[in-house]
Structure formats: structure tokens, C-alpha cells
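> Start from the sequences and build out the full structure, keeping to the hints where you can.
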Amino acid sequence: MRDTENPQARTIIALNAVTKSFGAVQALKGITANIREGEFFSLLGPSGCGKTTLLRMIAGFDEPTTGTIAIDGKPMAGIAANHRPTNMVFQSYAIFPHLSVADNVGYGLKKRRLPKAEYRREVEQALEMVDLGGYGPRAAHTLSGGQRQRVALARALIMKPKVVLLDEPLSALDKKLRDQMQLELRQLQRSVGITFILVTHDQEEALIMSDRIAVMFDGQIEQLATPEDLYRRPVNQRVASFIGVMNFLGAQVSGSDENQVSLDVQALGRIDIPRAGLPEGMKPEDIHRVGVRPEMMTILIDSATTAERIIEGEVVETSYYGDMTYYAVRLIGLEEPVTISMRNTAGRAVLRPGEIARVGFATDSIILFR
Amino acid sequence: MVVTFSFWTQNYLDLDTTFTLANYREAWTDPLYRELMLRSLRISVVVTVATVVLAFPIAYYVSFHVRNHKALWLFLITVPFWTSYLLRVFLWKVILGYNGVLNSALLGLGLIDEPLSFILYNANAVVITLAHAWAPFAILPIFVALERIDRSLLEAAKDLGDGPVRSFFRVTLPLAMPGVVAATIIVLIPTVGDYITPRLVGGTEGLMISNMIQVQFGKANNAPLGAALAVSSMFIVGGLSLMIFFATRKIGRGGAD
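Going down the list, the sequences are from chains A and B. Residue numbering for the first sequence is 1 to 370, as defined by UniProt numbering. Residue numbering for the second sequence is 1 to 257, as defined by UniProt numbering.
Fair warning: there could be bad hints in the mix.
[Said to hold, decoys possible] Covered stretches of chain B, going by a simulated chain A footprint (3 or more residues, C-beta under 8 Å):
id, region
1, 141-153
2, 161-168
[As the list claims (entries may be wrong)] Quick look at which bits of chain A chain B covers, simulated, 3 or more residues with Cβ under 8 Å:
id, region
3, 102-113
4, 231-238
Read the hints as simulated data drawn from the structure, not as lab findings. Keep in mind it's a predicted model, so treat the numbers as computed, not measured. Built from N, CA and C at the ideal position, the CB exists for glycine as well.
Written out as C-alpha cells, the structure is:
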């Protein structure tokens, strides 16, 4: 597990060997991680990986089977959700249908028995924070999906919690609104400075919004890193193929000395890797595969353009996205086509299936796997 | 027909079909009828309140705490309907009677020295019998309303700092109100006009308006007056139901402001 160290940040949530079993099924198999104060942290993984279970245990809706959770230094064992300094934005938003927008937002404040004027001001401020100023008297059931999401967020933020927990908050929104809310959520998190923990299965969403991401599979954290680290240096093939697109090619070590390792890679040929470029703990004999991101390969336009290495292949499929074109190209000496993405810059022609493409790539862009 | 009858007059064996409001005048001014009407309303309101208050915890338990056998529980709740209404009323007679099950048991345990007499042939017996008979009609609508509550709302309430009691009064109960109102109206309307139960277990002080209506149509041979009483009680019950309906709607909306 890779973790980028930042000694200045204080730990707000400490997860220590947390497990959870439902009957014979072990949903979480020992989660250890420190979540830092003020960061936007994501739990990313396919459905059933245990990310929601973990979030619910932080919120206090479930207790770990073994292991401990501490929030702001205090162990949380036996402390119910209503006494924890966390607030949740539910996947369904869980807006109270019998209350107005203002009463929904002020729900948790009511218990504090603030003077009426102060209560109203707090609610109005929270609504303005999520761009819903003046919506207070509306009935909750008249709101759209995006507005509900904002109300749920305002309702959590008004409590001034130490941590806001978000359970797939954008999954119910359409793509355009989702893209917009991703940026808004991120900005809001920066401006309030509260730690956000987001649960999502959408890798793009996690990459855009997070300071750090924990990628989870089968109840375990496979890698905990910044979005850039995760994309550029995935620890294994599972993480690599979950985050973005990755082309995998078989590789064999053909020789090594103290300075470099020589690999014989399918379709690409011989590639020399400096010893220092090997990931921590990986020995040359461990390498069995290499990965290349689609944008690390280029389809060369004419014979004049050069690259460090050029291979030929046949275009099998063309997917045109407007700004980008994704090609499936069958390289010589390779059965499975590789994916190559190209920016559609001015004057660049889109290749059609059947055409021959000259593919260029730089040998330092490859990622090594066991 | 009942409405037309109520504007006629009975002349021993035949009917005088000239329009008159005399029956209504009698129905609304005679202290006997007024007393019976008020007693009917009083009994059915007590029955309704008792039924709904007892039905709510049962519905709540089945909805929130029964995990695997909800259908079985609902089935068991409706089992009493497999026997006839008449039979069930008779059974209460057996249980509550002077030498009945309850008295024998209490005597046998030495808790009382002589049989309790206040439990049969009066209004109490009518309340107990009716509350039992109508319980499933109250449990089912409340159960349905509770089932429809999104459980994440209760988690949200907890997340926002509410303990179980607070979240019950702030979320569960308001959202279950439609079921409670339905249960109230379903129980109230038929119990006001119930005839068998007061007749069998009500004695003389447990008699209700429906018994009087039956007397007018039968022994007293004054169908028009009986019809007027019937129409009057229909109006009163209808008005009462509408009042309950609008009152709860107003409360529901009041909570949202």
C-alpha cells in the first residue's frame, strides 16, 4: 500500500484493522488507514467491495466486528450515530417529505434550542452556501434531484461536523448535473475546510474530486494514494484497469545488470528500464507484464513524424468522442487490439477501421506489473 | 328509500306520504334519542381511540422488528376473521360473563371475592368487544403506512442527533399519520352504527342508537322515525369523519410550516 506522507496534516479518522462480518461473509478484511483533517478522501471500488459498509461504520450505523475506529482521537466503539461528530449525505438524500426545505436543513439544529432569529439565520446561511437561498419555505417534495442533493448537503454542513460522509451522492443525477456538482462539491469542501469522505464506484468522479483515494476490492484497501499516483503508479493490474484504461502486454526479463533491466515486451520489442525505475519491493524477476495508457501511445500522421519507437498496426475500431478519438489498433504480433486515444487537433484526420496506423510511443511511459 | 321514508308519517298500518319534518324534530329534540346518539358516539370514540392506540404498537412491532415472517404475522392478525362476528361476540360473553372465564380465573386465583359485574352488560363490555373486533382494521392501514416510511429517513434523523424517542415523534409518527387517520375513520364509522354487540353484551345501559333504529322499524312500528334517526346518525358520522380528515390535514400542514 502506497501512501504519500504529509506530516503537517493531523489525523481526523484513524481506522485500525477494522473488519466486519455478516454471518459467514466477511465484508471487510482488516482496514487500516488514517484520514487527514480537511482532506477530500474517497473510498473507490466496485459494488460489493465493502466501501459503503465502512462508511456506515464511521457514521455509527454499524459496529465493526473487530478493530477500532477513532474520530478526532476518541475511540468510537459503543457511540451511536446521534452522538458522533459526523453527518451523512445519503444516497437517496433522505429528505424528510413532511417538512419544508428550511425545516429539513434545520432539523439537527432544533435540538440545540437556539434563539429563533439565530436559528433562521443559520438555516438561511446554510441554504445560501449550497445556492438555495430563498428556498426555505418550499415543500421538500417539490425539489428536483439536484436540489435535494444540495438540501441534504446543507443539512449536514449546518451541524458543523468534523467529517461529512457522502454515500454515492451524485449517482442519481444525470451526467451534466453530475459534472457540475463534482466541481461544486469540491469547491465547497475547500471553502468550509471540513473533511469529506466520499463513497463512489465512479473512478472519474474520485479522480476529479479527491485529495486521496483508497481503492477497495473484496473488503480490502488495495492502494491508498493521490489521484495522480494512482493513475501513474497503480500497484497492481486490478487497480490499473479500474482506474482509467490500461493496455496490458506480456513481458519477459531478457537480462539485467546493476544499472538496468532489459525486458522483451510483446509487440513493443526490447525495452530497457533503469533499476531506479522499478517500484519499491519489485525485483526484476517479478515482472511479467507491462501496462501502457492509451494516451501514452500516438498515432503518427505522416512518415515525417518520429517517435522513440514506432510499430505498425491495423485500426479495428474507431470511437469518435468529439474532442478525442479512441482507436482499437491490432499491433503486429499481438492478438488483442490495444486502445489508443488521440486528441482531435486541427487538421488531424480520423482514421477508419481497416487503415494502417503507425503507432509511436516512449519507452519510459510503460508501467511494470508482476 | 330510507331518506324518503324519513319525510313520511306512520298511521298504524299504512303510511301517510305527505312531506313532513316532524320525524327529524322528534329525532333531534327527544332526550332519549339524543342520549342514545351521544352514547353511541361516546362509545365509538372510546373504541376508536382504544383500538388505534393498541393497534399502533402491534403494527409498529410487525413493521420494524419482525424480519423474516411479516406475512405470517399479518396472517395471524387476521385469523379471528375466520370465525363469524356473531360467534366472536358470544365468545366475549363467555369470557366476561358472571360465571365467565375471566371471573372464574380471578376467583380461582383468589384475587377477587365475588364475580365482577361491571364487565358485562354495560358500555365497558361493548368497548372491549368492539375494540377486539375492529383491531385488524386498525392494524393493517397503520402497518401499511409504517412500511412505506423510507428507513433511510430514520437513519438521517439519527445522524442529525435524534435519539429513538425524538425521531419517533419527529419522523415516524408524522409519516404514519395517514395510516392512523385511515384506521380512525375505518373503525369509527361502523362502530357508531354497530347493532349486534350492544344488543348482546351491552345490557340496557350499553344500548346504542342502532338498537333504537331497529326498535322503530320493528316493535315500535314507526319506520319513518327509524329512518329519520338513521339519516341523522349518518350525517353526524359523516360530519365527524370529515372533521377528523381536515383536522389532521391541517395538523400535517402546520408541522411543515
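> It remains to establish, for every hint, whether it holds in the given structure.
Status of the hints after comparison with the structure:
1. 141-153: The restraint on the region 141-153 of chain B holds, since 3 of its residues have a Cβ under 8 Å from chain A and three suffice.
2. 161-168: holds (count 4)
3. 102-113: holds (count 4)
4. 231-238: violated (count 0)
The structure fails to meet hint 4 from the earlier list, while all remaining hints are met.
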